[in-house]
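**Student:** Could you build the full structure based on these sequences and the hints that come with them?
Chains as they are written, first to last, in my numbering: chain A, 51 to 395; chain B, 51 to 395.
Think of the hints as simulated: they come from the structure by calculation, not from any bench.
Since the model is a prediction, treat every value here as computed from it, not as a measurement.
Some hints could be false.
[As the list claims (entries may be wrong)] Which residues of chain B face chain A? A partial, calculated answer using Cβ under 10 Å: (1) Gly107; (2) Ala110; (3) Leu354; (4) Leu360.
C-beta atoms are modelled at their ideal positions from N, C-alpha and C, and glycine is treated no differently.
This is what each chain is made of:
There are 2 protein chains.
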Amino acid sequence: MQRAAARQNTLTKPNGSLGRLESLAIGLAGMQGYEGPQIHLPYIIVIAGDHGITRQGVSAYPAEVTPQMVLNYLRGGAAVNVLARHAGAQMIVADFGVAVDMPAYPALVSQKIAYGTRDFSVEPAMTEAQAEQAIAQGISLANRAIDEGADLIVLGDMGIGNTTASAAMIAALTGKPAADVTGRGTGVDNVTWKRKVALIEQALITYQLHLPPYDLHSETENIPFGLNLLRHVGGFEIGGLCGVVLGAASRRVPVLVDGVITGAAALLATMLVTNARYYLIAAHLSVEPGHRAALAHLGLTPLLDLELRLGEGSGAALAIPLVVAACKVLNEMATFSEAGVSNNG
Amino acid sequence: MQRAAARQNTLTKPNGSLGRLESLAIGLAGMQGYEGPQIHLPYIIVIAGDHGITRQGVSAYPAEVTPQMVLNYLRGGAAVNVLARHAGAQMIVADFGVAVDMPAYPALVSQKIAYGTRDFSVEPAMTEAQAEQAIAQGISLANRAIDEGADLIVLGDMGIGNTTASAAMIAALTGKPAADVTGRGTGVDNVTWKRKVALIEQALITYQLHLPPYDLHSETENIPFGLNLLRHVGGFEIGGLCGVVLGAASRRVPVLVDGVITGAAALLATMLVTNARYYLIAAHLSVEPGHRAALAHLGLTPLLDLELRLGEGSGAALAIPLVVAACKVLNEMATFSEAGVSNNG
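**Tutor:** Here you go:
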């Protein structure tokens, strides 16, 4: 990172004049362990799972939309597909817990853990073994992508009901009241939003998921708490995406975080392995209020703020060209001496 | 635009969930006059000119950097070159007023109006004929680019001293005090900054360049005032870039505005032709305070906020992939009925 920063100051521009593009490239140098960081093959990993909590009417869309959108990803018609092609990114689409059987598609990674989580307002969302399985499968997916050449991992999610699960996790992991981190998801009305908040608050009390204030701000890993949280109010795709972060970080591959669901997954990952935070890049700031809380807790500043709230990795895919640009500027610009330009030193 | 907005709401995403990407595409539909706006060939037009005011010591870099950087653009080593290649954009580099003779380069558009402007703290920066010539040459450059197939015009500037000229123009056109719209340019210290502010305030008084408050907020064109302003405190590249905006707008081609210099040029363009504002897209928010004032006066919200302050079109080039992405999402995403996805209507 020191060598990357030193090179930035030799390039034909006033020092610091490319702002966050410079610090991003320096950060990437640290992640990749190389003063000339490069991104050649971004991989978007979209993991899908259904949520039992939808039975309580927390979403504007029916749960059948989860498998329909998974098919849309496989056929290339969703926003994330368009943005993946635009950015030259590969896509992996994985079923970790869609509530129905999916048609056989060669490109679909079928690793269903269960037919959706259980309704966390009635019982824990999953078993401890399922929580661990989701994370393990996520780690494997990251490893597969990296073995195939991925040098940037981009997180995407699909699951009707998953803003409710994510808000519950973010409330627990940041210590904020549910009302502050719960949004309107796909677009629910006031009455539904209040029900969503009440269900989350009740679950955090029932399952005793509030961390003491001291632990909230410590950088101490708390693996039992993290697994317990995922198990009670999480989702299979959230556990999976947490695993993807852990797998990528362990291989020193940067991870581009999308919206509130992948934000919750990234937050969980740092609760399990503190150092995972050094491999995270926040692509954008979502309209979902929990996203802001998650990014603030992670100490991340988003690259984009375009009022997105779609998920599926769309905001992260949109930021890929910025991350690639940051690398290219550092590697390809002429230095003052190469270009014969007078510096002000 | 109505047809583009209607199509947005048939695509497989909750209505409005792609936020500003949706409104950007709808705006582009209006500019191009077509419900499926497309960007195939962005052209970055970088215009260079020197400034007599540099004799008063307002810049951290010597004026010799202007021609050196022009050569850097022609050789492909500057930030804007890297970002142009990244975005698949063509570049036009034009000399409208560099203070020295430039070596003959086939790619350089040599349309020097004079060897730099005069020192506006002593006399008007240029003659009225020169101001008109700069604008006319800019219109021609836009026409050339559009004739070659450009469907997005991206503004770039080079000129040591031009943040001083731009701040003066923005102060006059927005009615704000010079101290509020004057920044540190390439990085001057406090003493130099104060001198810069004082020179601008004095010039605005000397040349009587303060518009009455009523006119500031009217949408009435005031061509004599605009030309007078450019003539007294402007620059050849600023006049040229104003012409590029006018030329592009007259051909219904969208214009991506970069930092404070191109912001001043865009503001001037709307003073000459009010409707030019409908063809402007703000790429980013510069660190330069005058840029925020110019964009606010134009009613533009920037796409990026990455603390850039380099100019030369670098921030605008960085935003090209976002503008292209907005078009692709509108054109390439599947609709709910095509994809067999349940809508919530």
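**Student:** Run every hint past the structure and note whether it holds.
**Tutor:** Hints, one by one, checked against the model:
For Gly107(B), the interface hint is violated, since its Cβ never comes within 10 Å of a Cβ in chain A; the closest pair sits about 13 Å apart. A least Cβ separation of about 5 Å between Ala110(B) and chain A falls short of the 10 Å threshold, and the interface hint therefore holds. For Leu354(B), the suggested interface contact is upheld, since its CB lies about 7 Å from the closest CB of chain A, less than 10 Å. Taking 10 Å as the C-beta cut-off, the interface hint given for Leu360(B) holds, the closest approach to chain A being about 4 Å.
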